[in-house]
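Which chain is which? The protein sequence lines are A and B, in order.
Counting in my numbering, the final residue of the first sequence is number 267, and the numbers go up one at a time with none missing.
Counting in my numbering, the final residue of the second sequence is number 712, and the numbers go up one at a time with none missing.
Hints are computed from structural coordinates only; laboratory data are not their basis.
Wrong hints could be hidden among the right ones.
What the hints assert, rightly or not - Once the Cα atoms are required to be at most 16 Å apart in a straight line, the calculated EDC-like pairs of lysine to aspartate or glutamate come out as: (1) K445(B) / D255(A); (2) K75(A) / E51(A); (3) K390(B) / E261(A); (4) K391(B) / E261(A); (5) K335(B) / D96(A); (6) K606(B) / E136(A); (7) K560(B) / E63(A); (8) K560(B) / D105(A); (9) K69(A) / D96(A); (10) K387(B) / E147(A); (11) K547(B) / E360(B); (12) K115(A) / D430(B); (13) K299(B) / D96(A); (14) K387(B) / D255(A); (15) K53(A) / D647(B); (16) K510(B) / D54(A); (17) K88(A) / D350(B); (18) K390(B) / D256(A); (19) K391(B) / D256(A); (20) K391(B) / D255(A); (21) K218(A) / D105(A); (22) K510(B) / D96(A); (23) K34(A) / D104(A); (24) K115(A) / D647(B).
Note that the structure is a prediction, hence the values are computed from the model and not measured.
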Amino acid sequence: MNTKLIFGFIAMLLLFPVTTKSQNLPSGNSVAEKTFAKDDGISVSRKLTMELKDKRGKVRIRETISLRKYFNKEKRLAIFYLTPTSVKGTAFLTFDYPDASKDDDQWLYMPALRKTRRISAANRGDYFLGTDLTYEDIRLETRISREDYNYKTLGKENIDGHSCYVVEGVPKNQKIAKELGYSKVKYWVDADVWMLRKADSWDAAGNHLKTVKISDIKKIQSIWTYHHILVKNHKTKHETIFRFTDIDYQKTLSDDLFTEEALVNGF
Amino acid sequence: MSLKKQLVVLLISAFLGMNAQEKKKTFKDSFKASLVVASDVSYEFSSGKLQKSELIIKPEFSYKVSSKIRLVLKGQAYNEFNDALERGTPKEETVSDYSKRLFIGDRTNIELREFYVYAKLFKKIRLTAGKQQIVWGETDGLKLLDVINPQNFREFILDDFEDSRIPLWSLKTEFDIKNIGVQLVWIPDNTYHITQDFDAPFFTKSLFQNPPEGIPTIFNETIRPSHFVSDSDIGIRLSTFTKGWDITLNYFYYYDDLPVFYNNLQFIESEEPMVVINPKFERQQLVGTTFNKVFGSTTFRGEVAYVFNQKFSSISPNSVQGIESSNVYKSAIGLDYIKGESVISIQIFNDIITDNISPFNRDTFETNTSLLVSHEMMNDNLKIESLWVHNTNHGDGFVRPSVSYWVNTNTQLFFGSDLFYGNATKLFGQFNHRNRISFGVKWGI
Numbered sequence: 001m002n003t004k005l006i007f008g009f010i011a012m013l014l015l016f017p018v019t020t021k022s023q024n025l026p027s028g029n030s031v032a033e034k035t036f037a038k039d040d041g042i043s044v045s046r047k048l049t050m051e052l053k054d055k056r057g058k059v060r061i062r063e064t065i066s067l068r069k070y071f072n073k074e075k076r077l078a079i080f081y082l083t084p085t086s087v088k089g090t091a092f093l094t095f096d097y098p099d100a101s102k103d104d105d106q107w108l109y110m111p112a113l114r115k116t117r118r119i120s121a122a123n124r125g126d127y128f129l130g131t132d133l134t135y136e137d138i139r140l141e142t143r144i145s146r147e148d149y150n151y152k153t154l155g156k157e158n159i160d161g162h163s164c165y166v167v168e169g170v171p172k173n174q175k176i177a178k179e180l181g182y183s184k185v186k187y188w189v190d191a192d193v194w195m196l197r198k199a200d201s202w203d204a205a206g207n208h209l210k211t212v213k214i215s216d217i218k219k220i221q222s223i224w225t226y227h228h229i230l231v232k233n234h235k236t237k238h239e240t241i242f243r244f245t246d247i248d249y250q251k252t253l254s255d256d257l258f259t260e261e262a263l264v265n266g267f
Numbered sequence: 268m269s270l271k272k273q274l275v276v277l278l279i280s281a282f283l284g285m286n287a288q289e290k291k292k293t294f295k296d297s298f299k300a301s302l303v304v305a306s307d308v309s310y311e312f313s314s315g316k317l318q319k320s321e322l323i324i325k326p327e328f329s330y331k332v333s334s335k336i337r338l339v340l341k342g343q344a345y346n347e348f349n350d351a352l353e354r355g356t357p358k359e360e361t362v363s364d365y366s367k368r369l370f371i372g373d374r375t376n377i378e379l380r381e382f383y384v385y386a387k388l389f390k391k392i393r394l395t396a397g398k399q400q401i402v403w404g405e406t407d408g409l410k411l412l413d414v415i416n417p418q419n420f421r422e423f424i425l426d427d428f429e430d431s432r433i434p435l436w437s438l439k440t441e442f443d444i445k446n447i448g449v450q451l452v453w454i455p456d457n458t459y460h461i462t463q464d465f466d467a468p469f470f471t472k473s474l475f476q477n478p479p480e481g482i483p484t485i486f487n488e489t490i491r492p493s494h495f496v497s498d499s500d501i502g503i504r505l506s507t508f509t510k511g512w513d514i515t516l517n518y519f520y521y522y523d524d525l526p527v528f529y530n531n532l533q534f535i536e537s538e539e540p541m542v543v544i545n546p547k548f549e550r551q552q553l554v555g556t557t558f559n560k561v562f563g564s565t566t567f568r569g570e571v572a573y574v575f576n577q578k579f580s581s582i583s584p585n586s587v588q589g590i591e592s593s594n595v596y597k598s599a600i601g602l603d604y605i606k607g608e609s610v611i612s613i614q615i616f617n618d619i620i621t622d623n624i625s626p627f628n629r630d631t632f633e634t635n636t637s638l639l640v641s642h643e644m645m646n647d648n649l650k651i652e653s654l655w656v657h658n659t660n661h662g663d664g665f666v667r668p669s670v671s672y673w674v675n676t677n678t679q680l681f682f683g684s685d686l687f688y689g690n691a692t693k694l695f696g697q698f699n700h701r702n703r704i705s706f707g708v709k710w711g712i
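Generate coordinates for the entire structure from the input sequences, incorporating the hints supplied.
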């Protein structure tokens, strides 16, 4: 009898902390919501340098100006390529609507043709201009999707000394999985500032596809801001580093910078 | 030196130093320079000779005077080793004095490609004044509304439009009225297409009626508009984005960039019949629209133009001086399907002469089609592409397969071919003996 009680007690002890832990962990959806609730400022101007490195070590560097502004709840993002000469003048514009059921509108200005092309936002799993991030990754800006995945919070882990919630996501259906190009994702979201610090993704066949590491997160004009993103594609062995500098949330960005004409006229 | 003097000197030095530092920083931030050097060599199969061997140097400078004013200058030095595409020193009779190239011998020329100031005025108005390219339209490969800047046809339509388009001295003003973008253009530069001489590889003989054999021909000087204001071109474009549709409405009052070849039979002095050709640029008007919308993975785009009073060389005995006029309806519908790094783009162009006339060397209803297939690999390092343009009326066309590869950030290699086919009297088929293979390298910094 006593032995049974002791085993029962041990079992309760073993169960109890787990239950407590589960109860203390936020759901994946609420983590996703928190990443969206984080203050991004009304607008931001920043210099974005992309370093593309292939498996043989060949490096290509692209410098851009990235502008983002909220028009009520609609977010507009414009990226103007400054260097190298080969892509100079290329510009990208996206209108990200608050209604998740409405596809984004996207335009790409190609200076060699002097024409602006509409890009389908349905191809959100396509890679963004030769980098290892997809159009969807660029749109989310290190937040995690609220609509595309069924989440499960796995626990808490430290990344670079910061406590993070570990959230695993599986696409809600095959269509979404096909669009995004991921069969599973795993996110490490900072428990204090609600920003992504690390992400792993797996392709449709279940192979480990990419690892994203976000670092150098610090406050700029009172807003938590990332400065460095490293993306490793395990399949192609290609890497992209995104470096953000000259970040300014207070610079006045006129509305007409977020138009098709602005893509043509340049920054 | 007294302490007071020393302090004054120190303050002045500090002030000057600070100012110098600010100026230096401002200039560094404001001034940008870049350079592209490109070399392209083409081998012509039929002649077994180099058809093209060019070296192009393109310096570009921009200076931000302030956050609202920017100056841009783009120059070009062009050398063609074999002097094949534009033989000798072109007279450039169709080019205004302000836009002429400076020729150094037969093989080299220097050109001010673009030189303009871009300014934002009164918060609402964007002004671009100077030598520039203004591009309208949605189509690739063939043009409908992209008629503001003329073109150099030294490589027919094979040259990149960026290089073949001739920038013009013009004024472009843009502003918004609610959600409608308004663009006004004024082009006082009387420069028109540069077509090639009879002995050049890409002389477009299909456009001209040959005089009857044995009858001498007098080719008079082309009458080119020359009045700065009254002969200038003007245009307006209204654009909006509504319910996922990009829509523009366009109007352009302009001189056609190709002259009309009025001709008649005359008996001069010897009383022998002679054909006298009097080329003259003529006014016309164009109204048009463009539209595009995304449906899933596919972008639907289109372009419609209606040209009033276009002049055509005629084969009708009732034509006046060998010319007849008609309005022309032009349309293009395109679908771009993008999946991953692959693009499939199809376009159908229709061109309908609305009046009952008998144009030379073309039907009154013509259809061209194009198919573009491209695929990028290795994170956009390698691109394989093929463009096929085909005229369904005459069965002529061309195919352009190509491969390009970025060796590093600044260097691109290019390998391609241009293959024409069809009846030698038709627009594309006339170049069926000009098929070529090309290799190029482009370096930029």
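Hints not upheld, ascending by number: Numbers 2, 5, 7, 10, 13, 16, 17, 21, 23, 24 - these are the hints that the structure violates, sorted from lowest upward.
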